[in-house]
Structures are given as structure tokens and as C-alpha cells.
Amino acid sequence: MSGYEVFNFDVLVIGSGGAGLRAAIAAKESGAKTAIVCKSLFGKAHTIMAEGGIAASLAHVDAGDSWQAHFKDTLFGGKYVNDWRMVMIHAKESPEAVRELERWGAIFDRTQDGRILQRAFGGHTYPRLCHVGDRTGLEMIRTLQDRTVALDIDLFTECMITRMLVQDGVIVGAFGFCKDTGKAVVFMAKTVILATGGIGRIWRITSNSWDGTADGQALAYEAGAELKDMEFVQFHPTGMVWPPGVKGLLVTEAVRGEGGILKNKLGERFMKKYDPKSMDLSTRDVIARAINKEVKEGRGTEHGGVFLDISHKPAAYIKSKLPSMYQQFMEFADIDITKQPMEVGPTCHYAMGGVKVHPETQESTVRGMFAAGEVAAGLHGGNRLGGNSLSDLLVFGKRAGYAAAEYAARVKKFESFDKEKLNMYQDELIAPFNGARNENPALLHADLQELMEAHVGIIRNGDKLKEASQMLTALKNRYARAGAIGDTRYNFGWHLCLSLKFMLTVAQITTLAAFERKESRSSHTREDFPDSDPEWSKKSIIIRKNNEAPELSIELLPAMPQDIRKLVGDDLR
Amino acid sequence: MNREKQEAVFLIFRGSQGKGEYCEYRIEVVDGMVVLDAILDIQARYTQDLGVRCNCSAGKCGSCTVEINGMPKLMCKTRINDMPANQPIKVGPLKAFPGIKDLVTDVSWNYEVNKKIASFAPDEKTDWRMHQFDVDRVQEFRKCIECFSCQDICHVIRTHDKKDKYFGPRFFVRLAGLAMHPLDKAPRMQFIKDSAGIGLCNVTHCCTDVCPEKIKITDNAIIPLKERLADLFYDPLLIVIRKIFKRR
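From first to last, the protein sequence lines are chains A and B.
Just so it is clear: in the first sequence, position 537 is 520 by my numbering, and no numbers are missing.
Add 373 to the 1-based position in the second sequence for my numbering, that's all there is to it.
One should not assume that every hint holds.
[To be verified] With a cut-off of at most 27 Å between alpha-carbon atoms, the simulated DSS-like pairs for lysine-lysine come out as follows:
#, chain 1, residue 1, chain 2, residue 2
1, B, 378, A, 230
2, A, 501, A, 528
3, B, 378, A, 296
[Claimed, not checked] If the Cβ cut is set under 7 Å, some of the chain A residues that face chain B in the computed set are:
#, residue
4, 88
5, 110
6, 425
7, 472
[Unchecked claim] Facing chain B, from chain A, some residues (calculated, C-beta under 8 Å):
#, residue
8, 115
9, 299
10, 476
It is worth saying that the hints were derived from the structure and are not from the lab.
Each residue gets a CB set at the ideal place from its N, CA and C atoms; glycine is no exception.
Can you make the complete structure from the sequences, with help from the hints?
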């Protein structure tokens, strides 16, 4: 393999999920020469797995809802370490984002009077989630996909980015390869928007698709950007626990939104011990910890979970509101959810932390690099509410697209990039084929997942985190020997070698941040510091690369103006 | 339920550009495992360069479609204990599309076809009120995960290779979803007849049988479109009236 093709764009979007597509649409509509590059085929991004809905205060079901209420709920859910400005923008702009999807052809479930229907969800005061049964993400992707095609946006599918091109501290493009041939490809771009999604594949039990390998977080870090809130990783309380192949697969919160109840082996509705007010619709962090405790104390089910039961609802209703769940349990586990309870347990679901961005433009701390969606940090604070992810993708994808196009219009085109560096990136790309490298990437990945599951999971403590850091260093040493066999065409093992670099980098950063935050707050639970510390409610942990190692610093959260503070009420400490 | 570990034999296609052979692999399987679990296990243990396309592992993305014992199926949804016991499980690439490597095929033709379809064109004056009963049918079509099983099994594509004249079931579903959208105003029927070539479909229901989302492709999408076309273009009374008044 030698040589590479070079392409030129104003705006290069990495990722074809909701944020990436929405960003590309906005950039293209602004007149920028735009391309999307993604690892999967078009329309397969992890967004399609989103089930429950899009949170937006349309107030179709309960007229009491408002952006202010959504704002307050999101901050409460995030335990006040969110970027309040992002929370406000999100709450104000998500209703329009949903209506926009409808105008592009999305068909949401309807209210009696023919408007977009909304359902209740954990942490939302009002029924707020616009949905299509339990396949809202698919509807969103198909709609954005159609719009992308209509706008004739350039697409590079099954193409993986391994390096950002940085020149004098400014982003000038990205480097990667195409999976079908294995050939290297260079994108010269005035701006790059990262929309690469999450990091779930670092853990063994996860709801994330195979693409959730922390690419964007690691690419940004390597390019010198600041990462924020990396200790906050959401474990969704309800993933499937059996059979083994789908362990971790998401069981949508919509089951509880539609009236499903949680019970332990003894048949007790255990949530009344942990959150008597919200019960089964408490926030995800609270329920995940509760289930974890029930199982640890011996009240779990046969496969190490708890029961989630919706069989008290009419079968026809369940099949119409939760068709995918009905099918999923029928096909994978031989369970008829209209008659039997499901077995569920926590699963690694979402990274609240990520690339630190400007709340309005989504620009990272590196010039020319933007980030939107799960890869960006700020909106969700310490814990994300269900439904706030899909709206996040639309609201901030759009903003990133506009801001990137505007930026691109202001800067000159970069003609070329340092040839030596490109050669280095190419060598690095094919390095796993060096015959002396005999470490199996699949086994290395399994060991990484096991380590993160055991040491950097739902319940953490300082000793274990310290141990994890040391073990990660050992894994990194093993990684230097990780090798691929065969040729460069569609080689899964090779792709895994390259992804592992991202995962190891981000695992290390997450562990470091988790060690530093010496308190328990929302998704981050420390056995050795079980209480929330009011001092920490004002601070974020920032990590950036310095001299080839992660450097940690503490940043104060932006203060909320008095009039905004009033919206939040007395909860804010 | 039987939880004991058992050995399963897989015959997996290895090769590229359609040339290659089926190689045998043996692994231990446990109850509840799907074919994708087995393939990824084989890959991890014995042959890490095995070309496989997969993503969600949950039957939602439609990436991992291959032919299992000659039928298009999602690997992630095909349970090993549903396969005939004591027989090797044969896993190969989709037959209707060019091979890239091992189990991965080039399905780009589908995306090219998709580009030809005009996007949703709503009535400009609409207030966006739609009733659930108005959209039930269209929502069925929008469940499609684009796994292209229906495209692979359809004999017009698979056997007769009419890719230049015929869009295939996936895109009749997409077109039906647009044509039956309560607010869509784009003229589509001539396109469905001429460009999409729906007339070549002879309603054998093969596509419906393989759809993992259980969309009634033939009965709910293709036949109603064919009926509309018959009304518009082949109604003898209308033909006479059009002739008399010289209107199309």
C-alpha cells in the first residue's frame, strides 16, 4: 500500500449519526463545500438504536410544559454541573428541531387531535418525548439521510479517520483509510466537525454499537483539544442481561414511560426505597445504582438482573407502543413481554463528557475543529436525561454546521500538508501488519473491557481507579505489539487494532478524571467519597495532552445570571 | 433450556470478488447465541482478518446481512439453536451483489437507486395535522432498516439482474411511504411505473418472507402501488375519456 488520494472541502463532518447529518445539512445549506465521512454504511450509525424519543417542550400533551421547565429538568438531571448556556439553548431550540424533522418527512406518533404525540420519561416533569413507537432514532436518521441525499452532500462511507491534520495549532483536515481497499485517504478541509458519538465499547456490557470506540474524543485529544467531564459515564439501568450475545442491549426507558415497573426477585418494587417520589421514572443514575445494589445484596434474578414488567398493560397496547421491544425479547430471549417480565440490568450507555466546546458555536479549543452530539461535553452535566440526546444532536449539530461554514468562509484554503507527517501517519496505519506483532487485538480488547467493567464501572473507589491506571499502562505496552494478519481489504482485526488506540487513550483519561473527582455526583459514584461535595458542584475536570501525557486541570463552571438562577429554584446548591 | 456447551460447525465463505471457497470452522456455542456471536468468536480466535460487516448487533441497523444456508438473514438475529441440528451452518455473502471480501458485499447500487427518488414534498399550506390512522400504514414502511435482504432474494435482481430497469422491493417500500404520506404532493406514479419498473415484480412474496422487520412489502406496498397504476394508466374507460378530451 502506498500513496493516497487527496480531497478538498470547506467542511468535513466525521460521523453520520444524527449530529453529523444535521451538521452537514446546515453547512451545505450555508453554501459550504461539505462532505461526510463515516465508518459504517450510510444510515447505520448508532443513532438508529435510539428508541424512546426526542425531548422537546412542544406542550402537545400537557400545556404546562415550557422551555423553562425543560431547562430546569435538564439541570436537575445533570446535578448542576451542566453548561447552563447549552442547557438553555437546547431547551429553547429543540421544539423547532422536531418540527423541522416533520417538515422533512418524519412521521411521529400522533395525538388525538393530529399533532405530534409526546410521552413521559424519567426526569422530565411533563410528557415531553416526541416519538415513533420505540424506533425514534431510525426515523430521525432516515429523515436526515433523505435530506442529505436531496442536498447532494458528498459521502465517504466505510472510511475511518485515524488522525487529525494540525498545522500551527489549527485544524486543516483529516487522515484515514477506506475499508474496502485499505487505501489511505487525505481530506484537506478548512474545518472539521467531529460527530463521532460515544465510547461505550470500552466497557464489556454496553448498549453501544460496534462503532462506539471513542474515535472523536481521542482524535480531539491528540490534536490538542481539551476534554471535559470525562468521569461522567452513564450506565443505563435497563439493558438485557440474557442471552450472552445481546447482554447490554438496551431496553428502552419507554417501557417505564409507558407504565413498566421494576421488581426484584422477591417481587418487591424496590424503587420505593431509593426514590419514593419518582419511583420507576427516577433518573437513570439513581435506578442503575439501585439495581446494582439489589443484585449485589442477593435480590437479583437468575441472570444477575432485576425484573421489568409491563405485562399488566393490554397486549395490543404494548405491541403498538413498544414493537421493537416486543420483537427483541421474543426473538433473542423467547420472552413474550405482554405476558412475562423482562430481566434487565445496567449497561454502559452514554458519555456525558467529551470535547469541550463553545456553547453557541460548538467550536473546540483547537481552531477549526468543532464537535457536536455525544462526542461534545457540557449539555448533560453529570447525567443525561432520556430523550435529551436526540434533541442534542439536532440542536447542536445544526449550530456546529452553521458555525463551521461561517468559519470556513473566513479562512483561506490549505493547499497541502507536511508530507513527512503524512508518511508517518501512513506508516502508523499499516504498522499492525508488521509480522513481529503477535498480540491478538480481540483478546486485548476483551481484557480492556473487563478491566473497565470491574474498575471504572458504576461504583468506583480510589484504590481500584489507581490500580486501573497501572493496568492500563500494562495494556498500552501490550498494544504496542498488537498485530493484524492478512491484507488491508476489509480487515476487521486491523480495524480493531486502530480503534484500540482510541479506546486505550480515552480509557486512561476517563480513569484519571474519575480518580480526581473525589465526591459522588449523579453518574459518578465513589465508595470512598459517598456524598456530593458542594465545592465540586462549581467545577469541571479538564484534560488535555501535554508532553505526550494527559494533563489535568480544574475549571470553574460559568456562573448563572441571577434571573436565570430563579428558573431553577431552590434545588441549586 | 439446554445450557450445555455444544460444538457447531460453520462453513464460511473466504475469498474476494466472488472467487473463493467455503472453509470449515468449529467452535463451542452456548444456548441463546446468534450466528454473529459465532462469527465474531471465530474471527477473534482463529482468523482476525475475516471480512464481516456488522454494527449494532441488535437487529436494528441492517449491516450484517449475509446468506445463511442460502437465505438472506441478519447474522445478529439468527439464533444458532433455530438452525437444523447436526448440520454445518453455511454462511456466505449476498448473491445479488458483487463481493468485496469474505462476507462483505458491495451494496452501493442500492444507495445509487435511492438518490433517484424525489424527496418528500409537503403541501405548502398544511397545518401539519395528521391522524394516527392516516399514518399507520406509512409508519409500517418506515420501519425498514435497509438490510437489503429483500433486494437480495428478489429474483428480478438475483436471477435476472435487471438492476438497470428495476428498483427492487426496498425502494417500492420507500416510494409507497412517500406516495401514501398524507401530506406528500409530489407526482410519483409515472416514476414508479417507468423508472422504478414496478411492473417487473410478479408478486411472489419472497421479499415479504425475508423481511426482518416483518413489513408486508408485497401486500401493503407493492400491490397497492400496482393498483393505483392500473387505475391511472390502464383503466379502459379512462383511456377512452382521455382520448376524447385529448387529456393525459
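A quick look at each hint next to the structure:
no.: 1; hint: 378(B) with 230(A); result: holds, 18 Å
no.: 2; hint: 501(A) with 528(A); result: holds, 22 Å
no.: 3; hint: 378(B) with 296(A); result: violated, 37 Å
no.: 4; hint: 88; result: holds, 3 Å
no.: 5; hint: 110; result: violated, 16 Å
no.: 6; hint: 425; result: holds, 3 Å
no.: 7; hint: 472; result: holds, 5 Å
no.: 8; hint: 115; result: holds, 7 Å
no.: 9; hint: 299; result: violated, 13 Å
no.: 10; hint: 476; result: holds, 3 Å
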